[in-house]
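Asks: Residue numbers (my numbering), protein chains in the order written: chain A, 1 to 362; chain B, 1 to 301; chain C, 1 to 262.
Be aware that a few hints might be false.
[Unchecked claim] According to the in silico footprint, chain B covers these stretches of chain A (three or more CB under 8 Å from chain B): (1) 48-61; (2) 105-113.
[Said to hold, decoys possible] Now the stretches of chain B that chain A is said to cover, found in silico as 3 or more residues with beta-carbon under 8 Å: (3) 121-133; (4) 216-226.
The hints are simulated quantities; they were obtained by calculation from the structure and are not laboratory data.
Glycine included, C-beta positions come from ideal geometry on N, C-alpha and C.
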Amino acid sequence: MSESSGIAVRGISKTFGSGADRVQALDNVSLDIRENEFFTLLGPSGCGKTTLLRLIAGFEQPSAGDILLDGVSIAHLPPFQRPVNTVFQSYALFPHMTVAQNIAFGLEMQGMARRQVDERVAEMMTLVQLGGLEARRPAQLSGGQQQRVALARALANHPKVLLLDEPLSALDLKLRKEMQIELKRLQLESGITFVFVTHDQEEALTMSDRLAVMSDGHILQIGAPAEIYEHPRHRFVADFIGEINLLDATAAEPNGNRVRYRLGGSQTLLAEAADAPPAGRVSLAIRPERASLEPAGEEGLAGAVESIVYIGADTVYRVALADGAGNFIVRVQNRAGARGAFAIGDAVAVVVPPEAIQVLSD
Amino acid sequence: MPMGWFRRSKTHRQMALIGPAVLFLAVLMLIPIVLMGYVSFLERGEFGGVRWSDHTVDAYVAFLFERDFDGSLQLNTDYLQIFLRSFWLSIGTTVLTLLVGFPTAFYMALQPPRYRNLLIFLVTIPFWTNLLVRNYAWILLLRNGGLIDSALAWLGLTDAPISVLYTPFAVAIGLSYSYLPFMVLPIYASLEKLDFRLVEAAFDLGADRRRALARVIIPLAAPGIAAGCILVFIPSLGAYVTPELLGGGKSLMIGSLIQNQFGAARNWPFGAALAFALLGIVLLAIVIYLLRFRRSPGEMT
Amino acid sequence: MGGGNPLWRFVGVRPTALFFFVYLYLPIIVLLVLSFNENRTATIWTTFSTQWYAVVLDNDNIMRAARNSVIVATSATIIATILATLAALGMARARFRGQDAISATIAMPLVVPEIVTAVATLLFFVLIGLKLGLLTVFLAHTVFCIPFAYLPIRARLEGMDPALPEAAADLYANEWQAFRRVILPLLWPGVASGAMLAFIISLDDFVITYFVAGAGATTLPVYIFGMIRIGITPEVNAISALMLLVSILFVSLSYLVGRLRR
Numbered sequence: 001m002s003e004s005s006g007i008a009v010r011g012i013s014k015t016f017g018s019g020a021d022r023v024q025a026l027d028n029v030s031l032d033i034r035e036n037e038f039f040t041l042l043g044p045s046g047c048g049k050t051t052l053l054r055l056i057a058g059f060e061q062p063s064a065g066d067i068l069l070d071g072v073s074i075a076h077l078p079p080f081q082r083p084v085n086t087v088f089q090s091y092a093l094f095p096h097m098t099v100a101q102n103i104a105f106g107l108e109m110q111g112m113a114r115r116q117v118d119e120r121v122a123e124m125m126t127l128v129q130l131g132g133l134e135a136r137r138p139a140q141l142s143g144g145q146q147q148r149v150a151l152a153r154a155l156a157n158h159p160k161v162l163l164l165d166e167p168l169s170a171l172d173l174k175l176r177k178e179m180q181i182e183l184k185r186l187q188l189e190s191g192i193t194f195v196f197v198t199h200d201q202e203e204a205l206t207m208s209d210r211l212a213v214m215s216d217g218h219i220l221q222i223g224a225p226a227e228i229y230e231h232p233r234h235r236f237v238a239d240f241i242g243e244i245n246l247l248d249a250t251a252a253e254p255n256g257n258r259v260r261y262r263l264g265g266s267q268t269l270l271a272e273a274a275d276a277p278p279a280g281r282v283s284l285a286i287r288p289e290r291a292s293l294e295p296a297g298e299e300g301l302a303g304a305v306e307s308i309v310y311i312g313a314d315t316v317y318r319v320a321l322a323d324g325a326g327n328f329i330v331r332v333q334n335r336a337g338a339r340g341a342f343a344i345g346d347a348v349a350v351v352v353p354p355e356a357i358q359v360l361s362d
Numbered sequence: 001m002p003m004g005w006f007r008r009s010k011t012h013r014q015m016a017l018i019g020p021a022v023l024f025l026a027v028l029m030l031i032p033i034v035l036m037g038y039v040s041f042l043e044r045g046e047f048g049g050v051r052w053s054d055h056t057v058d059a060y061v062a063f064l065f066e067r068d069f070d071g072s073l074q075l076n077t078d079y080l081q082i083f084l085r086s087f088w089l090s091i092g093t094t095v096l097t098l099l100v101g102f103p104t105a106f107y108m109a110l111q112p113p114r115y116r117n118l119l120i121f122l123v124t125i126p127f128w129t130n131l132l133v134r135n136y137a138w139i140l141l142l143r144n145g146g147l148i149d150s151a152l153a154w155l156g157l158t159d160a161p162i163s164v165l166y167t168p169f170a171v172a173i174g175l176s177y178s179y180l181p182f183m184v185l186p187i188y189a190s191l192e193k194l195d196f197r198l199v200e201a202a203f204d205l206g207a208d209r210r211r212a213l214a215r216v217i218i219p220l221a222a223p224g225i226a227a228g229c230i231l232v233f234i235p236s237l238g239a240y241v242t243p244e245l246l247g248g249g250k251s252l253m254i255g256s257l258i259q260n261q262f263g264a265a266r267n268w269p270f271g272a273a274l275a276f277a278l279l280g281i282v283l284l285a286i287v288i289y290l291l292r293f294r295r296s297p298g299e300m301t
Numbered sequence: 001m002g003g004g005n006p007l008w009r010f011v012g013v014r015p016t017a018l019f020f021f022v023y024l025y026l027p028i029i030v031l032l033v034l035s036f037n038e039n040r041t042a043t044i045w046t047t048f049s050t051q052w053y054a055v056v057l058d059n060d061n062i063m064r065a066a067r068n069s070v071i072v073a074t075s076a077t078i079i080a081t082i083l084a085t086l087a088a089l090g091m092a093r094a095r096f097r098g099q100d101a102i103s104a105t106i107a108m109p110l111v112v113p114e115i116v117t118a119v120a121t122l123l124f125f126v127l128i129g130l131k132l133g134l135l136t137v138f139l140a141h142t143v144f145c146i147p148f149a150y151l152p153i154r155a156r157l158e159g160m161d162p163a164l165p166e167a168a169a170d171l172y173a174n175e176w177q178a179f180r181r182v183i184l185p186l187l188w189p190g191v192a193s194g195a196m197l198a199f200i201i202s203l204d205d206f207v208i209t210y211f212v213a214g215a216g217a218t219t220l221p222v223y224i225f226g227m228i229r230i231g232i233t234p235e236v237n238a239i240s241a242l243m244l245l246v247s248i249l250f251v252s253l254s255y256l257v258g259r260l261r262r
């Protein structure tokens, strides 16, 4: 093995229930999470991301497949024998224990001596900036503070892997942004592998080293945030991550190292051939900020402005394409003040550079 | 105004609604208990009843002493022994029901919701059936020549009658049987409310099942466990039917002793004093429970 | 979370639960089976027979006691249910001082040991000079029936959407109309369920009745107690089985009605 692998998920399947109630939560999922990386499982609710996390934690047993930690199978160990700790979505702080007792719990379970436990707890309290709150009960803390205790409680055990199940979802926006930075800091300082579950694509993009996009029990794509954003390989991934225009098209004729696609009527678009193997019916994915608006007559997709939404830094134009080719969203930076050059009803041309088009098979 | 009664202030209407029930209970429950306390300080009548004009603490003295022929007081621990026996039998019953009740409640809480309701129903049914009948069924099972005796003899495990009926052991079995649902239901209620992710968190932090039980599950179910213990202990301590039927009516417990004062012994003040003492113990247990568990950590979440 | 996941398999939990349910139902089943035993010696099985039920139903004393039981249970249930319903309505969403004291008063018959209630009630009737008989039994039963009727009604009210009477008022119903057309139809399963529980509790009561029933007011449980004290006979098996079946029937009904339209 050339690369020391943190967690290797090998062909994991998980079904719940039986008969008519049978639910396939994960279907033959494989995945490698490297040591010291911030890895995110991203997907809508019900995609299986939490189930995968619970399998790694040991709360559930896989129906098939194996999970390796540093090359050793842990799939059938109970959670209390795995060097892995979890930050729960609900935090799951013990309500009958103080903050310090909560953080000390895992250390006591490992049989650590009292004095070392106390030292480690103090160290953790400083790390998560909660000094002075040792004797409080969880119910006496704010949501953000509870979150920090949950982190400290898990990190205190120096786990090989920290699992985080939508830990920020209960916080308000401002606190969530703060905690995103905080989590990233803790991950870098501790050098622990983080496996983070979220349904928030923005959170996933800003925090992760790599992420896996999941849907319906499958992993669709794994990659670095920029790669996933710029080069989605599935319609679902393109649609789920950020805003995107998806246009139905058929390949018309090759044109050098480019391919011309027909959208409907006389509308056509030229795309890079590099990622355009499929002939026949395809989807063209184009980020709104990669297109530009020009006056009608320019080389591009003809249409008329249908709505204009001003959102501060940008203005978002919704263009109804001619010949029933669908709608197209264009996001234009407001360089020249609030007033744009176009008004509702104006005939325009949507100009898309060939390298901005991602061709997806359906 | 035709609806005048309903249009009066909200508080008035609430009082009018609550009033009848509270009045009924005050007259037929509160006043009688106060009266019972009063009677315990009266002289006994010669042929039963009481002498309303003569006040004395004889009934309370009689609990520990008996008057000799010459009028001097001699220590007599007969009644104290009955109280202690009742106390220990009730404690034993409480422990027995707890040992069986907690795992049962835990088992129920781990079942899928649709099975849980059925199980709760099964636990409650016996409670609604006649106490006499349920205890009578145990006579059929426990007596010599009864089902258990015959079964043991047939299996060759015993060569003489088991002679369990009419012993304190039979009473403990009967009491446990009578009040087991009272132990299971409150424990189940607190376990059902328990967030099982807390148990997962304990597992995650390295606690095995035994330590998760000791450090997380039991502390969080403590209010339910305490409620169950109180609910079993109180009726056990005051039990009359079970010691009468399964204990052979040998004044084994307080209940029989009290009843006896209104029957054969015809000593109403003493009976009232015994009942008053019993009530005192019960109230003490409840007060301790309320002080300790009213605002329990488990319910602060 | 239970079911197949081995993580939740705690040692001894399942066997203990199994033991519990066997322990709970074995005596009841044995009694029911033996009540159909033809043999004179109540515990030795010979052949199936319903003859002891016939003997019981033919016994004038038993039938008289049963009639007393039904009279007392019916009247106590009616009065207790009315009082409990009114009280539950008054306590619903109420926030006032003394509320805890009122709740405690209503719950008192559940907390005070039966034998204490029995002694106190007996002394009270003797003091006010009320002759012991069906009336005293009825009064005493109504007392402990109130909390049993109250609790399901209260639970039903608590589960009701507080916006419902407001919605009714918004649609031009006055308070009485709102009560009759909205609250009451939603409340009645709770009332019926509470009434049935009160009825069984009254029908089954022994200790308090034993103290406050005069010579002519023997109820069925008091009569059965007397029979058991004399000896174990097939007649006792049969009448006990009948009481069991009546109780189980009523509690099942109460359970089903209480779940209506939930």
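Asks: Now tell me if each hint is right for this structure.
Replies: Results of checking the hints against the structure:
no. : hint    : result
1   : 48-61   : holds (count 3)
2   : 105-113 : holds (count 4)
3   : 121-133 : violated (count 0)
4   : 216-226 : holds (count 3)
Going through the hint list in order, the structure does not satisfy hint 3, though it satisfies all others.
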